[in-house]
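Engineer: Spelled out from the first residue to the last, the chains are:
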Amino acid sequence: MKFSIQINCSPYNVNAGQKAYRFMLTAIAKNHQILRVFFYREGIYHALRWALPPDDEFQFSDRWSELARIHGVDLVVCISAAQRRGLLCLDEARRQGKQDDDLAEGFRIGGLGQLIESTLEADRFIVFS
Amino acid sequence: MKNYLFVLSKPTICGSYSQEMLDIILTAAVFDQHVTILLLDGGVFQLKKHQHPNADIKDTSSIFRALEIYDITNIYVEYESIQECGLDLSDLFLPVQICYRNNLTQLFLQFDVLFSN
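Going line by line, the protein sequences match chains A and B. Per my numbering, the first sequence runs over residues 1 to 129. Per my numbering, the second sequence runs over residues 1001 to 1117.
Below, computed lysine-lysine pairings styled on DSS-like, alpha-carbon distance capped at 30 Å:
(1) Lys-98(A) to Lys-1058(B)
(2) Lys-19(A) to Lys-1010(B)
(3) Lys-30(A) to Lys-19(A)
(4) Lys-1058(B) to Lys-1048(B)
(5) Lys-1048(B) to Lys-1010(B)
(6) Lys-2(A) to Lys-1002(B)
(7) Lys-30(A) to Lys-1002(B)
(8) Lys-2(A) to Lys-30(A)
(9) Lys-1010(B) to Lys-1058(B)
(10) Lys-19(A) to Lys-1002(B)
(11) Lys-1049(B) to Lys-1010(B)
(12) Lys-2(A) to Lys-19(A)
Computed far set for chain B versus chain A, every beta-carbon distance over 12 Å:
(13) Pro-1011
(14) His-1052
(15) Pro-1053
(16) Ala-1055
(17) Ser-1062
(18) Ser-1081
(19) Gln-1083
(20) Glu-1084
(21) Gly-1086
(22) Cys-1099
No lab work stands behind these hints: they were computed from the structure. Ideal placement from N, C-alpha and C gives every residue a C-beta, glycine not left out.
Isolated chain A, as found in the complex:
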């Protein structure tokens, strides 16, 4: 089955991001396909390159990067949600005359069209809020 995932919550206000991560690992292990993960609203904070949780806590951005590297999951961060909240990738930062490089490895910046596109292709669409 093909899944499209949207994540709307930040890593620390609720643990839906961790649930999404574990859901996806299980789905992949059962030979399902994750078409795309779309990070929206406060969910964009999962993509912070410089987040440094204490060693004994969930290393969220590292885990996501791993998911992209090992399983090829497409991690898309909404550009408008990210810019509102000050998360800029290197290219966008340069365009805006800034020095930032905030996007963790494995994520890419995209638009809402990619969210709708993935819901069209997926058999199931799940929102984690």
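Keeping the supplied structure of chain A fixed, place chain B upon it in accordance with the hints.
Structural biologist: Frame of chain A, contents of chain B only:
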């Protein structure tokens, strides 16, 4: 093509909630999908007449007024929410269809994709 239902359950002045949901709604419409909106709980205030937000707050009511341009005309409100919020259908600035709480599950089953928060 798929049928999309967007459920808005929060009032107008609630952070960027309305704006960010409307952005998805408009994108789905631009992709030529069938879009329906359901307002329930405090979400029914989205269509309240006489909204005059100050300059610091986005006027999302103007986006609702523009939905017809995107062929979005299917807007449901939950009858019980209207009552609980002390409103009347004449308080709303767009024509809407009424849905009763008991029938929500049947309504949801008509759609392929459900966005809510």
